[in-house]
Amino acid sequence: MDEAKFERIRAAFEKRGGAIISSPDIDRHLDKMGAEASTWNATTILMRQNHIPSASAIFEELIHTSQYRTGRATGSNWIDMEIEAKQKLIRNQKKYGISDIENNVSIEQLKALLKMKEGD
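Residue numbers for the sequence shown, in the working numbering: 173 to 292.
Careful: at least some of the hints might be erroneous.
Derived lysine-lysine pairs resembling DSS-like cross-links, with alpha carbons at most 30 Å apart [stated by the list, open to error]:
(1) 289 x 266
(2) 287 x 177
(3) 287 x 204
(4) 283 x 187
(5) 177 x 289
(6) 204 x 283
Honestly, the hints are just simulated from the structure, not real lab data.
Produce the entire structure from the sequences given, and follow the hints as far as they go.
Printed below as a string of structure tokens:
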């Protein structure tokens, strides 16, 4: 994702009361999770410092904030929320400007999540 597009997305999210925060502690947290970004709650996205996220990463986190705002995300249903987010990313690949490489990663992640869900 180019920096200008990310800054427009950030500004729109912040205008609606959201915050995208970064710090050395957040970088360490994301390293432990193996994540580019993470949603904390309905209004907070954790993002790496000095890093422009991929289109998939920022749009996935925005999807998760919406899940929290609508009361669908509870923390205990994380697999369902991840599946829903991956499906939306894949369905809206062109609209969100997600590259084919990123989309293929989302497809593989979705397959793994669905297998995990089957094991429940």
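**Message:** residue 289 and residue 266 were given as a pair; does the straight-line alpha-carbon distance stay at or below 30 Å?
**Reply:** 27 Å, holds
**Request:** Take the C-alpha atoms of residue 204 and residue 283, compute the straight-line distance between them, and say whether it is at most 30 Å.
**Result:** Within the cut-off at roughly 23 Å; holds.
**Hinted pair residue 177 and residue 289, Cα distance within 30 Å** = The given pair, whose Cα atoms are some 34 Å apart, is violated under the 30 Å limit.
**Asked** Holds or violated: residue 287 with residue 204, Cα cutoff 30 Å?
**Response** The given pair, whose Cα atoms are some 23 Å apart, holds under the 30 Å limit.
**Item:** Straight-line alpha-carbon gap residue 283 to residue 187, limit 30 Å
**Value:** 35 Å, violated
**Prompt:** Holds or violated: are the alpha carbons of residue 287 and residue 177 at most 30 Å from each other?
**Reply:** 34 Å, violated
Taken one by one, the earlier hints fail for this structure at numbers 2, 4 and 5, listed in ascending order.
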